[in-house]
Every structure is written in structure tokens, then in C-alpha cells.
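A.B. asks: In case you want the letters, here they are:
There are 2 protein chains.
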Amino acid sequence: MRRIPSGDTLPRTICEQCNTIHYENPNLIVGCIPEWENRILLCKRAIEPRVGLWTVPAGFMENGETTAAGAQRETLEEANARVEIIAPYALYNIPHINQVYLLFRAKLLDLDVSAGAETLQVDMFDEDDLPWDELAFATVRNTLRHYFSDRHNGEFRFHMGTIEPMPTSHDTSHQV
Amino acid sequence: MRRIPSGDTLPRTICEQCNTIHYENPNLIVGCIPEWENRILLCKRAIEPRVGLWTVPAGFMENGETTAAGAQRETLEEANARVEIIAPYALYNIPHINQVYLLFRAKLLDLDVSAGAETLQVDMFDEDDLPWDELAFATVRNTLRHYFSDRHNGEFRFHMGTIEPMPTSHDTSHQV
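Residue numbers (our numbering), protein chains in the order written: chain Y, 1 to 176; chain P, 1001 to 1176.
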């Protein structure tokens, strides 16, 4: 049942059995850009949405971890890669699917990397050979554009943006 | 019932009736430091936890909004104050209570402010008269220390940190 609890301002899903209020709040997706000299690591997705397209390692933050630890865990799970977090780099709001992306810059500790269970292939790319037309998500595309632009300028700044639904797309619920 | 769903790595709460998986992920708390010349706005809390202590306007981000819009909404709700968001300023992980704080710098648009329903009192403070010993949360204390330090240095940088449980406190679940 959905109703506005006493003292609240928005309708919430409330269990009719036990009166528990099930708050539904935005999810944080944490990930990183793993760097090795001039190249960065990308993962080719083995799962929907956007199977076969490339992304940075990222996924839902879990309870009990920090944002940086979540980004490291996702990088290990998706690319069997160990990274040291350098700094937060980009925050993207995706309000139409209730998600917030937080991506870090990270230093890859070695090149002993391989595809995890949700990944078809792991590879290292420089700006020139990056598969710009085969990136899975707008967040990844925007973040990587900023990344290489900042690298040219010699200074990495923190970026924030909002991803709107794509007018011609039928899968706006599939941004992750 | 809690078990590890197929293809997952962590136990989740699963409804035995409909097999819905109830993911429990960290919550984002969004807020801001509302600035007016050399002073900032703080709210004296009317609700637990930490009733009677001072905080910046902040609260749980809601579905369908951006982090900045959530910070503006909370500022309006708690202090009847209108702000323009300047930039993201601080991110704090509080892993033991599954929260992530994101606080912005913001420009107060006028001084027509007053206590909202969850606030006892709203007031403007400069660094010298700020109630440092009556701040509600470690996130607020740390953020404001950075804020005034950055102001002295003439440059506001983005800060990230992690709040650990307080060893002598019994209310570590009450950080918000």
C-alpha cells in the first residue's frame, strides 16, 4: 500500500502486515577509470543492458563499504584488476532512473587483468584507439571526454552533470 | 528470508511470497552550506537524533531528483531558505550506518529564512561565533573545518573522508 506516513511529505510503500515503511531512495553506482601510463582499462559487458559495449568498471555500492572501497571491489569483480584510488573524478545524476554515479580516477597496480563473470573482454585503450562509438552509457562517454580533455590541459578537475532520458531511446531504464 | 540470489555474491532479503529481492544499499544524504557574505546558515535540530544541536540543511535524497535539487529541497524544508548551488564541496562515507553524505556550497538568495518543521531555530554564523561544541554530526564539524580553512586559503577544494564509529558513543546509528 502506498500512502504518506505521518510527518512525511511523500507517499511511501508500506507493508500492510507489519506497517514497515519501505523507503525507496536513489542508488549509488561507484566505479573508476583504471589508469596505466597513457592507457585506461575498459570492460566489454557480458550482461544486459548494453551487452557487448564497453564501460569502465562500476556497479552498485554495497552496505558497509566506502565509495572508494566499492569502486575497488567492482574493478576486482569485473576485470580481476587491483587499483589504488587516486581521487573522486565525476558525479552524474540520472534522476529518471534514480541513480547517482560516482567515478574515481584510479591507478592500476599491475597488468595482470582478465574478464570477470559479467565481462566478455578486458582491454587497455589510449585516447586514439578508444571505442568511442561502442561505449555502453552516457555517463561513461561524458566522463571519458572530460578525462582526456583534462589530461590535455594538465589538470584533473571534479565534474558533475545530469543525464537526461534519450528522446529516441526505448531503454532509458537501462543506463547502468 | 535471506539468501544469496543466483549470480549474486551477497545474501539479500527475499520475499518468500513473491520472490522479490529487496536490495538494501547505502543512502545518499544531500545538503549544503548556505553562504551569505561572511556568514553561513545553520539549523538547530527539532528532531532526534541530536535534537537541540546545530547542523547544515541536509537529508535523504529522494527518487527523481538530482543531488543538487535534493540539497535545495532540504534547505527549503528545514530553513525555508532558497539557495543557488555553487559546487559540490564534501563527500563523507559513513559505512557503519550505510550512508554517504554529499554537501554542496550554496549561495543564499535572501535572508528571509525561518525554522521548518524539523528545525527549532535558524541562524547565521561567522567562523568566530559558530557553535563548534554544539554541532550535531562529525560530517558537519569536519566539513565546516575544511570550509573555513579553504576560505582562509582563498580556494575551495572538494573534500572526501570517512567517518568511523565513535569508540565512546552508544549512538553510532544516529549520525544523521
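One or more of the hints may lead you astray.
One-sided excerpt, in silico: chain Y residues whose CB lies under 7 Å from chain P [as the list claims (entries may be wrong)]:
| # | residue |
| --- | --- |
| 1 | Pro-26 |
| 2 | Trp-36 |
| 3 | Asn-38 |
| 4 | Val-51 |
| 5 | Thr-55 |
| 6 | Gly-59 |
| 7 | Pro-95 |
| 8 | Gln-99 |
| 9 | His-159 |
| 10 | Met-160 |
A short list of chain Y residues far from chain P (calculated; beta carbon distances all over 12 Å) [claimed, not checked]:
| # | residue |
| --- | --- |
| 11 | Ile-29 |
| 12 | Gly-64 |
| 13 | Ala-68 |
| 14 | Asp-128 |
| 15 | Arg-151 |
| 16 | Asn-153 |
Across the chosen pairs, the derived CB separations fall in these ranges [stated by the list, open to error]:
| # | chain 1 | residue 1 | chain 2 | residue 2 | range |
| --- | --- | --- | --- | --- | --- |
| 17 | P | Met-1001 | Y | Leu-10 | 41 to 47 Å |
| 18 | P | Ala-1046 | Y | Arg-145 | 33 to 39 Å |
| 19 | P | Ile-1004 | Y | Leu-120 | 47 to 53 Å |
| 20 | Y | Gln-121 | P | Asn-1019 | 30 to 36 Å |
| 21 | P | Glu-1016 | Y | Trp-132 | 58 to 64 Å |
| 22 | Y | Thr-162 | P | Gly-1154 | 25 to 31 Å |
| 23 | P | Cys-1015 | Y | Leu-10 | 20 to 26 Å |
| 24 | Y | Ile-14 | P | Asn-1019 | 16 to 22 Å |
| 25 | Y | Asp-150 | P | Asn-1019 | 41 to 47 Å |
| 26 | P | Gly-1154 | Y | Asp-150 | 36 to 42 Å |
It is worth saying that the hints were derived from the structure and are not from the lab. No residue lacks a Cβ here, since even glycine has one placed at the ideal position from N, Cα and C.
A.B. asks: Run every hint past the structure and note whether it holds.
C.D. replies: Quick rundown of the hints versus the structure:
no.: 1; hint: Pro-26; result: 5 Å, holds
no.: 2; hint: Trp-36; result: 23 Å, violated
no.: 3; hint: Asn-38; result: 25 Å, violated
no.: 4; hint: Val-51; result: 14 Å, violated
no.: 5; hint: Thr-55; result: 18 Å, violated
no.: 6; hint: Gly-59; result: 11 Å, violated
no.: 7; hint: Pro-95; result: 5 Å, holds
no.: 8; hint: Gln-99; result: 10 Å, violated
no.: 9; hint: His-159; result: 10 Å, violated
no.: 10; hint: Met-160; result: 6 Å, holds
no.: 11; hint: Ile-29; result: 10 Å, violated
no.: 12; hint: Gly-64; result: 5 Å, violated
no.: 13; hint: Ala-68; result: 8 Å, violated
no.: 14; hint: Asp-128; result: 30 Å, holds
no.: 15; hint: Arg-151; result: 18 Å, holds
no.: 16; hint: Asn-153; result: 17 Å, holds
no.: 17; hint: Met-1001/P <-> Leu-10/Y: 41 to 47 Å; result: 29 Å, violated
no.: 18; hint: Ala-1046/P <-> Arg-145/Y: 33 to 39 Å; result: 45 Å, violated
no.: 19; hint: Ile-1004/P <-> Leu-120/Y: 47 to 53 Å; result: 24 Å, violated
no.: 20; hint: Gln-121/Y <-> Asn-1019/P: 30 to 36 Å; result: 33 Å, holds
no.: 21; hint: Glu-1016/P <-> Trp-132/Y: 58 to 64 Å; result: 47 Å, violated
no.: 22; hint: Thr-162/Y <-> Gly-1154/P: 25 to 31 Å; result: 29 Å, holds
no.: 23; hint: Cys-1015/P <-> Leu-10/Y: 20 to 26 Å; result: 23 Å, holds
no.: 24; hint: Ile-14/Y <-> Asn-1019/P: 16 to 22 Å; result: 21 Å, holds
no.: 25; hint: Asp-150/Y <-> Asn-1019/P: 41 to 47 Å; result: 45 Å, holds
no.: 26; hint: Gly-1154/P <-> Asp-150/Y: 36 to 42 Å; result: 22 Å, violated
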